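Engineer: One-letter residues, chain by chain:
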Amino acid sequence: MTAATLTRRTPRTSKPAAFGGVSGLTLGVVTLWLSLIVLLPLAALVVASLEGGWAGFWDAVTAPVALAALGTTIGISAAVAVLNVATGTLIAWVLVRDEFHGKRIVDALIDLPFALPTIVASIVLLSLYGPSSPIGIELNATRWGVGVALAFVTLPFVVRSVQPVLIELETDVEQAAASLGAGNWTVFRRVILPSLTPAILSGGGLAFARAIGEYGSVVLIGGNIPRETQVASQYIQQQIEIDRPVNAAAVSVVLLAISFSTLLALRAIAARGHERQEAVR
Amino acid sequence: MILTTPAKLALRVVALVYLAVLLAFPILTILWRTFAPGLDVFWASIRTPAAISALNLSLLIVAIVVPLNVVFGVVTALVLVRGRFPGRRLLSGVVDLPFAVSPIVVGVALIMLWGSQGWFGGLETLGIRVIFSVPGMVIATIFVTLPFVVREVEPVLREIGTEQEQAATTLGASGWQTFSRITLPAIRWGLTYGIVLTVARALGEFGAVIMVSSGFPGVSQTLTLLVHSRYIDDHNTYGAYAAATLLMMIAIVTLLLMTLLDRKRPAAHFAPTPARSHS
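Chains as they are written, first to last, in the working numbering: chain A, 957 to 1237; chain B, 2 to 280.
Since the hints were derived computationally from the structure, they do not count as laboratory data.
Keep in mind it's a predicted model, so treat the numbers as computed, not measured.
A few of these clues could be false.
Per label pair, the in silico range of CB-to-CB distance [as the list claims (entries may be wrong)]: (1) B:250 to A:1225: 33 to 41 angstroms; (2) A:1007 to B:176: 46 to 54 angstroms; (3) A:1007 to B:220: 42 to 50 angstroms; (4) B:159 to A:1128: 31 to 39 angstroms.
Note that the Cβ used here is the ideal one computed from N, Cα and C, for glycine as well.
Can you build the whole structure from these sequences, using the hints too?
Structural biologist: This is how it looks when you write it as structure tokens:
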């Protein structure tokens, strides 16, 4: 390399770029790509839901079957989130504080529901809890079936958010509390739980947001019975099938709104937690 | 917390029983039901013409989606890390949006945009069919996998900074040379991780794809749609078990790859986001 090339190249780096280290063209391409793939479809969805005006939107969302589907979805998702809070915290505790043979296998098993395609989750559950169940428990086409499917696909959320916090948690405060005469329940409630609460809330919230929109794992085991086991995503799919796009779009917008507000609430809680930590320091 | 042995044991048993009932027993049952009739029966079931064409379509979708996600994902990550412009946080939020959208809602949104009655419905009069055809399935898959590469490459780019690249440029390297010799090697494990997540999700996506597929066996069925149609339309329960087991084996290989790659990545940044989920 000669000095000439060096001096020739140097001005290029020192030239002030318009948007930091990124050219305007690159920025434009990225914006266009994200708009085409993500924003435009969602915009088209919202516009389609308002095709009949606010009244049409309201009618579509408050149609009895639509309301029943939304109610079923929210009710079962909330129940599953609560179940996850209890079992997920317990499993995380066992994985961190307990020692037994095969613990690493159990730990690896936790991630499986995230790795499995949802339709596979449906079939896997049906093989044990479906028609011709080898143990005589048939949950297909019941709300229990929907609940089990949602519990299956959301299992990792609470475990994986609580586990790292529990690993970091120092045991000296617990020991101090115990030596001062606090019982196990008091130690758990006063010392452990407060540190875990943000992680538990975030895991439970993510599980709820996931369960609200779930389709693949529910589609085979849920039975799709209107007003009984039909969840919102199945209702939407059915409305597309019978050519009622406005109804489908309106209920879709409601689902979107629920999951967005859940995730925004989680983000706000997390931000507040960070602020509190900063304040302590 | 100082637990007595019986209390410890009780907690362990409750946790393990829950996992067994929800996870382990169903998985053992499907494996038993798939392989009990013999390996040849399983093999025959996943080598039917419909199954082969489903596998081919799934692989075709992966082959289109992965390069697009790699190119646009890396560029998007570069823009998010290096760019200084108003609305950068907004752009970052848009990248996360697909995580928050139900697969069925993705399908409906795509129909409203690309369908014959949609905003881009004019394409159909030109003879370009998107919805109920392969392009629609590709677009649906891109939507749901869009965040993976971006979110895996972004932290690595932030970590490596720009000093080495600036040095390379000062020494006379062209833009492409700098990228291929400095940037790409630095982000390779993050990028690989993102690609593995993308492939797994693309092969496993069901809800968004079924909404925009015509679902004809042998024409527009992916592996996941094959599982569904064998169970629902053909009442071929064994065939559904076999195809699901095949998908499950792919998922387990993915999980192993992710565990291996996790060790290669600098600074593990595990956070349970919906990223790893939602197919």
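Engineer: Indicate, hint by hint, whether the structure satisfies it.
Structural biologist: Hint check results:
1. For residue 250 of chain B paired with residue 1225 of chain A, a C-beta distance near 39 angstroms keeps the hint of 33 to 41 angstroms intact.
2. Separated by about 47 angstroms at the C-beta atoms, residue 1007 of chain A and residue 176 of chain B satisfy the suggested range of 46 to 54 angstroms.
3. Checking the proposed 42 to 50 angstroms range against residue 1007 of chain A and residue 220 of chain B shows it is violated: the Cβ atoms sit about 32 angstroms from each other.
4. Taking 31 to 39 angstroms as the suggested C-beta distance range, the pair residue 159 of chain B and residue 1128 of chain A conforms, at roughly 34 angstroms.
When held up to the earlier numbered hints, the structure conflicts with hint 3 and nothing else.
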